[in-house]
Amino acid sequence: MTSTENRNADKRDSSGWSASLYNKTASFVYSSAFTAPVLELLAAQPGERILDVGCGSGEVTKIIQEAVEQRVGGIVVGTDFSEGMIAKAKENGVKHTFIADAQDMEYPQNQPGFPEKFDAVFSNAALHWCKRDPLGVLVGARKVLKPGGRIVAEMGGFMNAIGVRSALHDVVRSKGRDPEDLDPWYFPSMEDYVKLLVTAGFEPTHISLTPRITPLPTGLYDWLNLFVRSSFLRDFTDEEASEIMRDVEERCRGDCRDASGKWAMMYTRLRFTAVLKPDEVNE
Numbered sequence: 001m002t003s004t005e006n007r008n009a010d011k012r013d014s015s016g017w018s019a020s021l022y023n024k025t026a027s028f029v030y031s032s033a034f035t036a037p038v039l040e041l042l043a044a045q046p047g048e049r050i051l052d053v054g055c056g057s058g059e060v061t062k063i064i065q066e067a068v069e070q071r072v073g074g075i076v077v078g079t080d081f082s083e084g085m086i087a088k089a090k091e092n093g094v095k096h097t098f099i100a101d102a103q104d105m106e107y108p109q110n111q112p113g114f115p116e117k118f119d120a121v122f123s124n125a126a127l128h129w130c131k132r133d134p135l136g137v138l139v140g141a142r143k144v145l146k147p148g149g150r151i152v153a154e155m156g157g158f159m160n161a162i163g164v165r166s167a168l169h170d171v172v173r174s175k176g177r178d179p180e181d182l183d184p185w186y187f188p189s190m191e192d193y194v195k196l197l198v199t200a201g202f203e204p205t206h207i208s209l210t211p212r213i214t215p216l217p218t219g220l221y222d223w224l225n226l227f228v229r230s231s232f233l234r235d236f237t238d239e240e241a242s243e244i245m246r247d248v249e250e251r252c253r254g255d256c257r258d259a260s261g262k263w264a265m266m267y268t269r270l271r272f273t274a275v276l277k278p279d280e281v282n283e
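Those letters in the sequence shown? Residues 1 to 283, per the numbering used here, in order.
A few of these clues could be false.
What the hints assert, rightly or not - 27 Å max Cα-Cα, derived DSS-like pairs, lysine-lysine:
1) Lys95 <-> Lys117
2) Lys277 <-> Lys195
3) Lys24 <-> Lys90
4) Lys95 <-> Lys11
5) Lys143 <-> Lys195
In short, the hints are calculated from the structure, not lab data.
For clarity, every value in this text was computed on a predicted model and none was experimentally measured.
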């Protein structure tokens, strides 16, 4: 592939995401080692109907699809805000998809082959992007679940990206901007998320907050370019954004780069399962 073809493949869609950049920079998100805990919590069974919210490029969705399709009636539907991610998920073999913002999701119930209700709603590494209306995500899940259905998810939690996030805030503030207004992330504590689940009509059955050192195979700058350039730094020019990301990289070098030159950062993963309360009405 030529350099021009590479640039075209890496082009971001209207949501700011690039499936190609995502696969190059953040394949750890769907690695078997990092997804095993949340997939174990989901424990997808043959014949189940599962909605994957924020399915991304579909690698984890495909694993769940293979599990539930072992029995007639089993189906997985993947949804994502990014049209580029959905296109890649289809390319990767995910059979049923639709594009939606999880914070005010409109489920296309009448689409051929789509189930009316789901046994489970699942999400991996997506809900921390739902800062605008995290409760809306859970309300949307409630609407599509059958009575007694469950929601199972992993997301960034309290202290996720510690050090890197504060460096971003410091550098953005030095440019005369309020980082709180630009910060796209929602990293709740266990206590705060339990309250949210209960408010939405769910009964939490498991919640944990787990620190995880996450290697960055292509370095911190590439991580920032993927996850921060079109979100946190969306209002800056390319030149300004590059300068900010280089500054953040330099500030984090002492904590996030080892003696051999390998980069890593601290992730904190909030994992939970919750069951829809029997007295909740799915609208």
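We went through each hint and held it up to the structure:
no. : hint              : result
1   : Lys95 <-> Lys117  : holds, 17 Å
2   : Lys277 <-> Lys195 : holds, 14 Å
3   : Lys24 <-> Lys90   : holds, 18 Å
4   : Lys95 <-> Lys11   : holds, 24 Å
5   : Lys143 <-> Lys195 : holds, 19 Å
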